[in-house]
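J.: What follows is the residue order along each chain.
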Amino acid sequence: MIEALAEPFFRRALLAALLASVACGVLGTFVVAKRITSLAGGLSHAAFGGVGLGYWLGFSPMLGAAGFGVLGGVVVGVAQRRLRSGLDTLVSTLWAAGMALGIVFVALAPGYAPDLLSYLFGSLLLVSWDYLWIAAGLDLLILAVVSLLFARLQAVCFDEEFAEVVGLPVERLFVALLALTALAVVTLIRVVGVILVIALLAIPAATARHWAHTLPRMMVLACAVAAASTTGGLFASWILSQGAGAAVPPGPLIVLLATGIFCASAGARRWSRPRRRGRDLVSAAGVE
Amino acid sequence: MSAPALELEGVRVERRGETVLDDVSLRVEESDFLAILGPNGAGKTTLLEVILGLVRPERGRVRVLGEAPVRARGRVGYVPQHARFDPEFPIRVREVVRMGLLGGPRAGRADARRRAERALETVQIRELADRPIGALSGGQLQRVLIARALVLEPRMLLLDEPTASLDERIGHTVWELLEDLSRRMTVVLVSHDIGAISRYVRSVACLNRRLFAHPTKELSSEILEATYGCPVELLAHGQPHRVLGPHEQGR
Numbered sequence: 000m001i002e003a004l005a006e007p008f009f010r011r012a013l014l015a016a017l018l019a020s021v022a023c024g025v026l027g028t029f030v031v032a033k034r035i036t037s038l039a040g041g042l043s044h045a046a047f048g049g050v051g052l053g054y055w056l057g058f059s060p061m062l063g064a065a066g067f068g069v070l071g072g073v074v075v076g077v078a079q080r081r082l083r084s085g086l087d088t089l090v091s092t093l094w095a096a097g098m099a100l101g102i103v104f105v106a107l108a109p110g111y112a113p114d115l116l117s118y119l120f121g122s123l124l125l126v127s128w129d130y131l132w133i134a135a136g137l138d139l140l141i142l143a144v145v146s147l148l149f150a151r152l153q154a155v156c157f158d159e160e161f162a163e164v165v166g167l168p169v170e171r172l173f174v175a176l177l178a179l180t181a182l183a184v185v186t187l188i189r190v191v192g193v194i195l196v197i198a199l200l201a202i203p204a205a206t207a208r209h210w211a212h213t214l215p216r217m218m219v220l221a222c223a224v225a226a227a228s229t230t231g232g233l234f235a236s237w238i239l240s241q242g243a244g245a246a247v248p249p250g251p252l253i254v255l256l257a258t259g260i261f262c263a264s265a266g267a268r269r270w271s272r273p274r275r276r277g278r279d280l281v282s283a284a285g286v287e
Numbered sequence: 000m001s002a003p004a005l006e007l008e009g010v011r012v013e014r015r016g017e018t019v020l021d022d023v024s025l026r027v028e029e030s031d032f033l034a035i036l037g038p039n040g041a042g043k044t045t046l047l048e049v050i051l052g053l054v055r056p057e058r059g060r061v062r063v064l065g066e067a068p069v070r071a072r073g074r075v076g077y078v079p080q081h082a083r084f085d086p087e088f089p090i091r092v093r094e095v096v097r098m099g100l101l102g103g104p105r106a107g108r109a110d111a112r113r114r115a116e117r118a119l120e121t122v123q124i125r126e127l128a129d130r131p132i133g134a135l136s137g138g139q140l141q142r143v144l145i146a147r148a149l150v151l152e153p154r155m156l157l158l159d160e161p162t163a164s165l166d167e168r169i170g171h172t173v174w175e176l177l178e179d180l181s182r183r184m185t186v187v188l189v190s191h192d193i194g195a196i197s198r199y200v201r202s203v204a205c206l207n208r209r210l211f212a213h214p215t216k217e218l219s220s221e222i223l224e225a226t227y228g229c230p231v232e233l234l235a236h237g238q239p240h241r242v243l244g245p246h247e248q249g250r
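So the protein sequences, as listed, match chains A and B. For the first sequence, position 76 (counting from the first letter as 1) is numbered 75 according to numbering that gives the first Met the number 0, and the numbering increases by one without interruption. For the second sequence, position 158 (counting from the first letter as 1) is numbered 157 according to numbering that gives the first Met the number 0, and the numbering increases by one without interruption.
In short, the hints are calculated from the structure, not lab data. Careful: at least some of the hints might be erroneous.
[What the hints assert, rightly or not] Below, simulated EDC-like cross-link-like pairs (lysine to aspartate or glutamate); rule was C-alpha separation at most 16 Å, straight line: (1) Lys-33(A) - Asp-85(B); (2) Lys-33(A) - Glu-160(A); (3) Lys-33(A) - Glu-159(A); (4) Lys-33(A) - Asp-87(A); (5) Lys-33(A) - Asp-166(B); (6) Lys-33(A) - Glu-170(A).
Here the structure is a predicted model, which is why all the values come from computation and not from measurement.
Construct all of the structure, not just a fragment, from the sequences and the given hints.
T.: As structure tokens, then:
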């Protein structure tokens with residue numbers, strides 16, 4: 000396992016995984032606490048449209064993904080408070096239309112798009128230094144905005160109505176949150192791909208919620224779970240290829256590992272708090 | 000005499016073509032303790048939204064502490080009907096209470112902490128500051144929401160169904176707290192719960208799209224019938240604030 004670290008590509012992959020873990024831990028916490036995971040899924044698939052556009056017009060697909068993701072976030076964020084019902088329809092439409100646009104754009108692009116699959120399923124082992132710089136920059140941006148707006152974002156996520164009563168610009172804050180989520184999605188696309196991004200946004204944060212009673216603690220824990228899953232998945236992929244000669248990409252292994260940690264955590268919590276009061280059981284049954 | 004705490008004149012609100020509030024006029028003096036009663040769907044919550052400046056009436060005039068509702072926001076504490084938020088949300092009592100400070104000028108960390116402690120002390124749950132909100136009972140949660148509304152030291156407190164989800168015993172302790180607070184600020188609440196209110200509040204108004212009684216201490220069964228659209232059984236709770244008119248032969 001240690002010899003893996005001697006490989007430059009592996010070191011880059013590890014760095015990429017850790018950088019993405021920061022973004023997904025911080026934004027995943029908001030996504031899970033506000034229960035908008037399907038919305039985040041819609042954004043990540045919308046981002047694929049931007050990947051396709053980048054291929055077609057010859058600019059960076061990551062840039063296209065960021066643009067489409069943020070645009071999708073603005074559209075949904077503005078629509079969310081105007082549409083009383085039908086938000087889920089809008090999100091599903093965004094989800095499917097983004098994918099469709101991506102495929103159409105790629106088909107229009109001249110020549111052959113060899114690493115299209117890498118955007119769908121991730122290509123952690125192929126990341127370049129350029130990507131690492133982008134991911135580091137996005138992490139810094141995300142951390143800066145979240146720490147600046149933390150109290151307000153927390154209020155909007157916890158109790159939108161009250162946030163409005165105290166005069167917060169609820170809609171703009173929610174749009175900002177979705178735009179940041181879209182940026183986190185961009186850092187994750189290379190790690191697990193468009194299709195599995197939602198797993199890394201949701202699972203580490205959901206695991207963290209088992210143990211954390213505040214958003215900041217949940218963020219730290221979620222980052223740790225994400226880092227453990229991505230690192231573990233990466234090494235598992237290496238071991239499988241060295242030991243068994245099987246070329247299993249790290250993305251799915253990362254997701255499976257995160258799922259395993261989630262299940263173990265859920266079991267451990269149940270074991271550590273054997274009897275919850277009836278009221279808790281009722282409320283838990285109502286929301287889960 | 001100073002401006003009334005709350006003044007509504009001929010307020011009319013429509014939602015999706017339906018009239019929710021019609022010609023509502025109301026005047027609440029400073030440090031009153033007013034309950035606005037009405038059945039479900041009477042427009043009680045809408046009325047609160049008008050006072051908070053969340054809903055702009057089609058017609059009529061609203062003055063809160065002598066100003067337009069939006070401008071008075073920082074001086075009005077609001078306690079929503081609870082359970083509108085997720086009880087599983089990872090947040091502690093302390094952070095929920097501090098949320099109330101977002102409506103005012105930026106407070107320093109130490110100042111925010113001190114204000115939150117003071118608000119928690121006022122509602123007598125200082126020891127719960129570090130509890131996650133999911134671990135609170137209904138009565139404790141209601142006190143947290145009241146503390147959140149008090150943290151900016153408002154001049155008026157608005158409450159939506161403050162005891163709707165509490166059992167009678169816990170409800171009474173919340174009423175006592177509100178009565179206590181009403182000595183320091185104007186308290187206005189909406190509720191459909193007639194029985195509990197009558198003992199604690201100083202004035203009562205009845206709402207069912209229109210306001211049926213101007214604030215009064217005397218609540219007659221005729222007014223309630225007009226409000227609820229059916230005969231209502233009245234139970235007199237007696238002192239300290241008698242709301243019901245004495246029976247014909249009463250003293």
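J.: Now tell me if each hint is right for this structure.
T.: Do the hints match the structure? See the list:
1. Lys-33(A) - Asp-85(B): 8 Å, holds
2. Lys-33(A) - Glu-160(A): 14 Å, holds
3. Lys-33(A) - Glu-159(A): 10 Å, holds
4. Lys-33(A) - Asp-87(A): 15 Å, holds
5. Lys-33(A) - Asp-166(B): Violated: Lys-33(A) and Asp-166(B) sit about 29 Å apart, past 16 Å.
6. Lys-33(A) - Glu-170(A): 14 Å, holds
Hint check: a violation occurs at hint 5 only; the rest are consistent with the structure.
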